[in-house]
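Construct all of the structure, not just a fragment, from the sequences and the given hints.
If you read the sequences in order, they're chains A and B.
Take the first sequence: its letter number 218 is residue 218 in this note's numbering, and every next letter is one higher.
Take the second sequence: its letter number 211 is residue 211 in this note's numbering, and every next letter is one higher.
These aren't lab readings, by the way, just hints derived from the structure by calculation.
We put the CB at the ideal spot given by N, CA and C, even for glycine.
Misleading hints may appear alongside valid ones.
[Said to hold, decoys possible] A short, non-exhaustive set of chain B residues, derived as facing chain A with CB atoms under 8 Å:
| id | residue |
| --- | --- |
| 1 | A74 |
| 2 | I210 |
| 3 | M212 |
| 4 | L236 |
| 5 | T243 |
[Unchecked claim] Partial list, derived from the structure: chain A residues whose beta carbon lies under 8 Å from chain B:
| id | residue |
| --- | --- |
| 6 | G22 |
| 7 | Y26 |
| 8 | V28 |
| 9 | P30 |
| 10 | T32 |
| 11 | L35 |
| 12 | S36 |
| 13 | L101 |
| 14 | V247 |
| 15 | N251 |
[Stated by the list, open to error] Below, in silico cross-link-like pairs of lysine-lysine (DSSO-like), each with a Cα-Cα straight-line distance of 30 Å or less:
| id | chain 1 | residue 1 | chain 2 | residue 2 |
| --- | --- | --- | --- | --- |
| 16 | B | K49 | B | K82 |
| 17 | B | K69 | B | K49 |
| 18 | B | K201 | A | K153 |
| 19 | B | K200 | A | K153 |
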Amino acid sequence: MNFSLRIGIFLLLFIIFFSFLGPLVYHVDPFTIDLSNDLAPISKSHPLGTDDFGRDILARLMYGGRVSLSIGFIVIFISSITGTLIGSLSGYYGGIIDTVLMRIVDIFLSFPGILLALTLISFLGNSIANLILALSLMGWVSYARLARGIALKIKEEDFIFAEKALGASDFYIVFKHILPFVIPTIIIQASLGISAIIIAETGLSFLGLGVPITYPSWGNMIDTGRNLILTNPLILLYPSLLLIITVVGFNYLGEGLRQLLVNKESNLEI
Amino acid sequence: MRFFLRRIGISLLTLFFVITIVFFIIHLIPGDPVQLMLGEGAQQGDIIKLREELGLNKPLTTQYYLFIKNLFTANLGESLVKNRTVSSLLLSRIPSTFYLALGGMLVAIFIAFPLGIFSSKKANSLFDKITTGVSVFGIAVPNFVLGPLLIIIFSIYLGLFPVSGDTSLSHFILPSLTLGTGLAAILIRIIKASLEEEKKKNYIENLKIIGMPEKELWFFHILKNAMIPIITVLALQFGALLTGTIITETVFSIQGIGTLLIESIKARDYPVVQGLIIFISSVYITTNLIADLLYMIFDPRIRKRGKN
Numbered sequence: 001m002n003f004s005l006r007i008g009i010f011l012l013l014f015i016i017f018f019s020f021l022g023p024l025v026y027h028v029d030p031f032t033i034d035l036s037n038d039l040a041p042i043s044k045s046h047p048l049g050t051d052d053f054g055r056d057i058l059a060r061l062m063y064g065g066r067v068s069l070s071i072g073f074i075v076i077f078i079s080s081i082t083g084t085l086i087g088s089l090s091g092y093y094g095g096i097i098d099t100v101l102m103r104i105v106d107i108f109l110s111f112p113g114i115l116l117a118l119t120l121i122s123f124l125g126n127s128i129a130n131l132i133l134a135l136s137l138m139g140w141v142s143y144a145r146l147a148r149g150i151a152l153k154i155k156e157e158d159f160i161f162a163e164k165a166l167g168a169s170d171f172y173i174v175f176k177h178i179l180p181f182v183i184p185t186i187i188i189q190a191s192l193g194i195s196a197i198i199i200a201e202t203g204l205s206f207l208g209l210g211v212p213i214t215y216p217s218w219g220n221m222i223d224t225g226r227n228l229i230l231t232n233p234l235i236l237l238y239p240s241l242l243l244i245i246t247v248v249g250f251n252y253l254g255e256g257l258r259q260l261l262v263n264k265e266s267n268l269e270i
Numbered sequence: 001m002r003f004f005l006r007r008i009g010i011s012l013l014t015l016f017f018v019i020t021i022v023f024f025i026i027h028l029i030p031g032d033p034v035q036l037m038l039g040e041g042a043q044q045g046d047i048i049k050l051r052e053e054l055g056l057n058k059p060l061t062t063q064y065y066l067f068i069k070n071l072f073t074a075n076l077g078e079s080l081v082k083n084r085t086v087s088s089l090l091l092s093r094i095p096s097t098f099y100l101a102l103g104g105m106l107v108a109i110f111i112a113f114p115l116g117i118f119s120s121k122k123a124n125s126l127f128d129k130i131t132t133g134v135s136v137f138g139i140a141v142p143n144f145v146l147g148p149l150l151i152i153i154f155s156i157y158l159g160l161f162p163v164s165g166d167t168s169l170s171h172f173i174l175p176s177l178t179l180g181t182g183l184a185a186i187l188i189r190i191i192k193a194s195l196e197e198e199k200k201k202n203y204i205e206n207l208k209i210i211g212m213p214e215k216e217l218w219f220f221h222i223l224k225n226a227m228i229p230i231i232t233v234l235a236l237q238f239g240a241l242l243t244g245t246i247i248t249e250t251v252f253s254i255q256g257i258g259t260l261l262i263e264s265i266k267a268r269d270y271p272v273v274q275g276l277i278i279f280i281s282s283v284y285i286t287t288n289l290i291a292d293l294l295y296m297i298f299d300p301r302i303r304k305r306g307k308n
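As structure tokens, this is what we get:
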């Protein structure tokens with residue numbers, strides 16, 4: 001356990017407890033609108049006050065955290081698995097499949113990710129499912145590239161030739177020998193990549209093109225806060241602070257994992 | 001030379017793919033765009049009329065051909081909402097975005113170079129640690145958080161700069177800071193890494209042994225050679241800066257390309273969205289191309305490798 005890993009785990013545990021266990025202790029509904037009590041200051045019934053619709057801010061922060069973290073995890077799961085499989089197969093088989101897939105990767109990389117997400121959402125409409133689709137499409141390429149690089153190297157190793165001589169199928173070799181070398185690197189990349197996904201998601205929500213406004217999300221709350229900045233700057237500060245803690249937490253976690261795994265396995269790339 | 005042409009060819013091909021993908025996304029999405037534009041209660045006559053106006057009644061291949069042909073004359077079609085051509089809308093919004101991007105770039109350069117160079121010279125000092133901390137913070141704080149925070153501090157409490165708008169130079173100071181800080185954070189890392197690498201090289205040791213003064217060593221050798229990757233990253237990041245302007249413009253209500261894109265997406269003004277996406281990606285692809293070409297010019301090894 002190194003220093004970065006400890007800080008990362010500590011910050012993320014705080015965020016996870018706050019978002020997922022908080023609502024078990026704090027039973028206020030984040031959706032209840034109470035226009036007679038809008039922009040209420042800090043009080044016993046509303047520890048962080050209420051927003052412009054009189055909704056409880058603390059409850060919305062907790063719920064928003066769940067939304068952001070869940071989307072982050074789902075997207076990273078989809079994009080890293082897709083990317084890893086495509087990259088490993090591409091690197092292993094080589095030839096025309098590899099050339100075509102890597103051209104596609106190049107095209108994705110030469111197009112700003114956030115613009116791709118914006119394009120898809122603008123034409124598909126904004127819903128959580130479309131947001132997940134757009135963010136996953138934006139993310140899979142970096143995993144594909146990494147996985148391919150490692151697969152290219154491993155497939156030239158003697159033990160792979162030995163396996164082939166023994167009659168092992170391609171499927172067996174990729175899953176049994178290539179993937180175990182690819183996965184540690186992918187895990188590091190994924191833990192670093194999740195903060196980029198969360199920033200992209202909250203950014204799109206801030207623009208009004210991410211999580212639909214019917215759900216509380218940190219991005220939507222920052223947007224609300226931006227509009228109330230002259231009168232109630234605190235509304236903006238709460239979600240911003242939680243977002244920063246989350247992003248810094250994931251960055252430390254990724255850095256910590258990198259140090260841990262690179263020390264252990266000398267053949268890792270990053 | 002062959003390598004240069006090859007690289008330019010790849011960029012053109014990418015641009016062509018992007019244009020094609022954008023075209024087909026718009027034309028193949030489920031649901032009728034015309035219906036979507038006119039809303040639920042649209043008259044059948046209006047739908048047919050608009051479809052003809054947009055050329056949507058022609059076969060897809062013809063539409064695609066016309067679309068590409070029009071692109072060569074910078075004809076991006078007409079806005080559905082604003083009664084203006086897409087190109088004129090785009091042109092009217094370029095200056096603000098350009099100033100903002102330029103401001104962001106300058107902020108990044110003025111923050112990153114002194115901090116990066118000084119903290120590399122005094123590695124592991126307190127100053128170096130603080131710089132690293134600032135850089136971690138700069139990467140972790142997104143534009144839509146930093147912008148409003150700067151507004152609270154500098155506009156509301158200190159009253160130094162206007163909250164939003166784009167009519168004078170002082171309007172651009174906070175947005176440029178917002179946009180530039182993230183880039184500065186990345187740049188500091190690159191500058192430090194690049195200088196560290198250069199410092200370790202044998203020729204530097206040799207120059208030290210023959211007694212070259214430290215100032216001369218830093219400015220004429222270490223910095224000069226370390227600049228190659230730094231300039232490349234800077235050029236590459238210009239594209240990223242361009243997408244960063246979308247959010248920064250929204251935070252500060254600047255009438256640039258970014259806010260036009262968001263407005264048009266919300267108003268379902270498809271021709272404008274299509275034109276802007278093609279424009280932004282062309283700029284992005286071009287800056288990437290320039291970055292690569294610069295790298296080749298500065299570093300002859302790349303050219304040689306390309307020949308093999």
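- Structure versus earlier hints, numbers of those that do not hold, lowest first: Numbers 1, 2, 3, 4, 6, 7, 8, 9, 10, 11, 12 and 13 - these are the hints that the structure violates, sorted from lowest upward.
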